[in-house]
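Let the sequences and hints guide you as you build the complete structure.
Residue numbers (my numbering): 1 to 259.
Please keep in mind that the hints were generated in silico from the structure rather than gathered at the bench. Treat the hints loosely; a few may be bogus.
Straight-line alpha carbon distances no greater than 27 Å define the calculated DSS-like cross-link-like pairs of lysine-lysine that follow [said to hold, decoys possible]:
no., residue 1, residue 2
1, Lys85, Lys234
2, Lys244, Lys187
3, Lys187, Lys108
4, Lys187, Lys132
5, Lys184, Lys145
6, Lys108, Lys85
7, Lys244, Lys199
8, Lys199, Lys187
9, Lys121, Lys184
10, Lys121, Lys104
11, Lys145, Lys132
12, Lys187, Lys104
13, Lys104, Lys184
14, Lys132, Lys121
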Amino acid sequence: MSSYNYQAPNLASILNTLASLAPQEQGQIQTPAQAQTQPQVQAQIHPPVPPSNDEHQFQQIWQEQLNRASQGPLQSVPAANTPPKSVDPATIIEWSAGLRCVMKTVAKHENMLNDIRRMIKVQHEHEEQWWKGREALIERQEARKEGQKKLEEVLRAVGGAISTAPANNGPAELARELETFDMKVYKAQMQMTREMSAKLRNLGVPFFGTQTELVRPAVKDRVHGGDDSKDKEKGLIDEIELVKLQRKMLAFLEDLCSD
Numbered sequence: 001m002s003s004y005n006y007q008a009p010n011l012a013s014i015l016n017t018l019a020s021l022a023p024q025e026q027g028q029i030q031t032p033a034q035a036q037t038q039p040q041v042q043a044q045i046h047p048p049v050p051p052s053n054d055e056h057q058f059q060q061i062w063q064e065q066l067n068r069a070s071q072g073p074l075q076s077v078p079a080a081n082t083p084p085k086s087v088d089p090a091t092i093i094e095w096s097a098g099l100r101c102v103m104k105t106v107a108k109h110e111n112m113l114n115d116i117r118r119m120i121k122v123q124h125e126h127e128e129q130w131w132k133g134r135e136a137l138i139e140r141q142e143a144r145k146e147g148q149k150k151l152e153e154v155l156r157a158v159g160g161a162i163s164t165a166p167a168n169n170g171p172a173e174l175a176r177e178l179e180t181f182d183m184k185v186y187k188a189q190m191q192m193t194r195e196m197s198a199k200l201r202n203l204g205v206p207f208f209g210t211q212t213e214l215v216r217p218a219v220k221d222r223v224h225g226g227d228d229s230k231d232k233e234k235g236l237i238d239e240i241e242l243v244k245l246q247r248k249m250l251a252f253l254e255d256l257c258s259d
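Structure below.
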């Protein structure tokens, strides 16, 4: 035995080692009976760690959601019935849209057709008056020419002198007189057109009072076959095309009022 040179461990050092390990393992060592009857619990109990700001906010949000759920579903607030947005007649540059707009306006305002009937009646009265005035002027001119011829014949018969000065009944003078009358009628027509356009605009009829920024001035190259599709893509309308739509709308209103 002495040949192995074996030395027994110091008993005091072993006891010191066990004493240092005893406090840590005391709560973890269980008897077999305890292991069968009791659930395993954690030996060390740490003090509670205060929650961070993020955890605190999360707890508040979670609590608010629980409170809302406990109160039941919220009653939805009924949305206000907003009326459909009306289209401004001054922005319409297409016939189909203008036709829909004027039909809606006529349906809303019962007296609108009566107002248009009066306007049409006044227009026809003025046009008839101008036409009759022109016909009367032509008849007077013809009467003056006939009277001048008869006067010259009488003077020749009695040997009287016939004036060689240019007569007021010459063809050039008669044409100038008729042109002056036509110019007066044209100015009166333009004035009536402006007044009627203003009334139709106030009644909400499309193509009358169209916004100036939507109307492209007429150009000679566009008078004979212009490309209106490009204007519509840009939201514009040619001045000549607008006049055509105005005449078309007037004819439609006249037919509508005659029914």
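Open item on the list: For a C-alpha distance cap of 27 Å, please report whether Lys104 and Lys184 respect it.
Closed with: violated, 38 Å
Open item on the list: For Lys108 and Lys85, compute the direct alpha-carbon distance and say whether it is at most 27 Å.
Closed with: Roughly 15 Å between the alpha carbons, so the hint for Lys108 and Lys85 holds.
Open item on the list: Next pair to validate is Lys145 with Lys132; report whether the Cα-Cα distance is within 27 Å.
Closed with: Answer holds: Lys145 to Lys132 is near 20 Å, not above 27 Å.
Open item on the list: Between the alpha carbons of Lys184 and Lys145, is the straight-line distance 27 Å or under?
Closed with: holds, 23 Å
Open item on the list: Check the hint pairing Lys85 with Lys234 against an upper bound of 27 Å on the C-alpha distance.
Closed with: holds, 22 Å
Open item on the list: Check whether the Cα positions of Lys121 and Lys184 lie no farther apart than 27 Å.
Closed with: Holds, at about 21 Å.
Task: Agreement of Lys244 and Lys187 with the hint, judged by alpha carbon distance not exceeding 27 Å - done: holds, 21 Å
Task: Hinted pair Lys244 and Lys199, Cα distance within 27 Å - done: At roughly 19 Å apart (the allowed maximum being 27 Å), Lys199 and Lys244 satisfy the hint.
Open item on the list: Hinted pair, alpha-carbon criterion (27 Å max): Lys199, Lys187. Please report holds or violated.
Closed with: Status holds; Cα separation ~19 Å.
Open item on the list: For a C-alpha distance cap of 27 Å, please report whether Lys187 and Lys108 respect it.
Closed with: violated, 35 Å
Open item on the list: Given the hinted pair Lys187 and Lys104, is their Cα-Cα distance within 27 Å?
Closed with: Not OK: Lys187 and Lys104 at ~34 Å, beyond 27 Å, violated.
Task: Restraint status (C-alpha distance of Lys121 to Lys104 at most 27 Å) - done: holds, 24 Å
Violated hints, in rising order: 3, 12 and 13; the structure is consistent with all others.
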